[in-house]
Amino acid sequence: MGLLQVATNTVTSAVASVTLTGIDSDDVYMVAINNAFASADDDYEIRITKGGIVQSDANYDRASKDLKTDAVFGNTAGTNLTEIDFSAGIGTSGTNSHNEIIYLFNFANASEYSFITMENVTMRDDANDILFGFQGGAVHTVASASDGIHFFLTGGNNISSGTFTLYKVV
Amino acid sequence: MSNLRLLNETTISSSVSSASVTDVFSSDFDIYKISISDSDSSANSNVNLRFINSSGSIVTSSEYDTAGLIALSYASFSENRTTNQTHIDNIGGGGRSTEAENGANVLYIFNPFSSSSYTFLLSQASVQASSGLASTKAIGVLTELSSIAGFTIFLDSGTIDKMKFRTYGLRVDT
Numbered sequence: 004m005g006l007l008q009v010a011t012n013t014v015t016s017a018v019a020s021v022t023l024t025g026i027d028s029d030d031v032y033m034v035a036i037n038n039a040f041a042s043a044d045d046d047y048e049i050r051i052t053k054g055g056i057v058q059s060d061a062n063y064d065r066a067s068k069d070l071k072t073d074a075v076f077g078n079t080a081g082t083n084l085t086e087i088d089f090s091a092g093i094g095t096s097g098t099n100s101h102n103e104i105i106y107l108f109n110f111a112n113a114s115e116y117s118f119i120t121m122e123n124v125t126m127r128d129d130a131n132d133i134l135f136g137f138q139g140g141a142v143h144t145v146a147s148a149s150d151g152i153h154f155f156l157t158g159g160n161n162i163s164s165g166t167f168t169l170y171k172v173v
Numbered sequence: 692m693s694n695l696r697l698l699n700e701t702t703i704s705s706s707v708s709s710a711s712v713t714d715v716f717s718s719d720f721d722i723y724k725i726s727i728s729d730s731d732s733s734a735n736s737n738v739n740l741r742f743i744n745s746s747g748s749i750v751t752s753s754e755y756d757t758a759g760l761i762a763l764s765y766a767s768f769s770e771n772r773t774t775n776q777t778h779i780d781n782i783g784g785g786g787r788s789t790e791a792e793n794g795a796n797v798l799y800i801f802n803p804f805s806s807s808s809y810t811f812l813l814s815q816a817s818v819q820a821s822s823g824l825a826s827t828k829a830i831g832v833l834t835e836l837s838s839i840a841g842f843t844i845f846l847d848s849g850t851i852d853k854m855k856f857r858t859y860g861l862r863v864d865t
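Those protein sequence lines, which keep their order, are chains L and E.
Numbering follows this note's numbering, in which position 153 of the first sequence is assigned residue number 156; successive positions increment by one, without gaps.
Numbering follows this note's numbering, in which position 3 of the second sequence is assigned residue number 694; successive positions increment by one, without gaps.
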């Protein structure tokens, strides 16, 4: 497997969102997120882009298992959502970073839905700093070409730091 | 040129109690991908991981946490949750005394070389257990602020007789 970098954004000062675009072929794409933090404790969300426009329609489905050390693993799922929640309790600094590998399928194919698999790991920023991560998938159920992925925070806080990189799998 | 750079290939071909890959993490990369394949073991056992710091010492402090989902083809799924242990517990994959039953792992390691962040791990693996398939998805962390340069694999019991590691760095071009 090889990876060709398509886009990257290293956040060093607070921004409301990060968008990575440039998906233009039927190849599988991968996103790596490294050492990401928020300006206040919050959850990351995903939307996709079509023609560079962020899609906020209620056409997202998701299902995932949440792995954690403090309780029985849970299931997180929903249909016809306006966004994909893919984290829980991103921290603001220090040791509570968010790290993730995402695969994107069929994004450029106008006849297919846009599919996502994701796996992530963090120390959830709460009183006990619990090891936490989602393992799951999501889909945007609109059969038209997508060209990118958009990250933001549920509570409207800023992404304060982190490196977000989009690769083409070759 | 691929942004996935092969940094090291290590092959174990004789019986050892643990198998290490040293001096492979550096400031050149923040994310690493490791594949573990071509395995064989002397006993049926869980596969565990410890990190090796930049001084070459295996980190054995009780600062490893693990959360793993073991999906079984022959029984209910099980969960593995450990905190403050001396290793990442049961990353899945090899650890079978019948060579053909040993599966494979793909690991991602985040920020190992940085001494200002924890070292995080993602693991996906499959192995053929006595009654059927066991597929593991696990996360782990070393909650110690130290610079990590390598890793070592060992079993709960028995020896590693064969194992191949390929370690890649994910390059980010700025």
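Just so you know, these hints were derived from the structure itself, not from any lab.
Being a predicted model, the structure only gives us computed values, none of them experimental.
No residue lacks a Cβ here, since even glycine has one placed at the ideal position from N, Cα and C.
Keep in mind that the hints are not guaranteed to be accurate.
[What the hints assert, rightly or not] Listed next, the stretches of chain E that the computed footprint assigns to chain L, with coverage defined by at least 3 CB atoms under 8 Å from CB atoms of chain L: (1) 697-705; (2) 757-766; (3) 789-803; (4) 823-836.
[As the list claims (entries may be wrong)] Dumping the calculated DSS-like pairs for lysine-lysine here, alpha-carbon to alpha-carbon at most 25 Å: (5) E:Lys853 with E:Lys828; (6) L:Lys68 with E:Lys828; (7) E:Lys853 with L:Lys171; (8) E:Lys855 with E:Lys828; (9) L:Lys71 with L:Lys171; (10) L:Lys71 with E:Lys828.
[To be verified] Okay, the calculated beta carbon distance ranges per label pair: (11) E:Ser705 with L:Ala113: 30 to 38 Å; (12) L:Asp64 with E:Val797: 24 to 32 Å; (13) L:Thr144 with E:Phe768: 24 to 32 Å; (14) L:Ala80 with E:Glu790: 35 to 43 Å; (15) E:Ser821 with L:Val145: 17 to 25 Å; (16) E:Gly747 with L:Asp60: 16 to 24 Å.
Structure-based check of each hint:
no. : hint                               : verdict
1   : 697-705                            : violated (count 0)
2   : 757-766                            : holds (count 4)
3   : 789-803                            : holds (count 3)
4   : 823-836                            : holds (count 7)
5   : E:Lys853 with E:Lys828             : holds, 23 Å
6   : L:Lys68 with E:Lys828              : holds, 10 Å
7   : E:Lys853 with L:Lys171             : violated, 33 Å
8   : E:Lys855 with E:Lys828             : holds, 20 Å
9   : L:Lys71 with L:Lys171              : violated, 30 Å
10  : L:Lys71 with E:Lys828              : holds, 12 Å
11  : E:Ser705 with L:Ala113: 30 to 38 Å : violated, 54 Å
12  : L:Asp64 with E:Val797: 24 to 32 Å  : holds, 26 Å
13  : L:Thr144 with E:Phe768: 24 to 32 Å : holds, 27 Å
14  : L:Ala80 with E:Glu790: 35 to 43 Å  : holds, 39 Å
15  : E:Ser821 with L:Val145: 17 to 25 Å : violated, 46 Å
16  : E:Gly747 with L:Asp60: 16 to 24 Å  : violated, 54 Å
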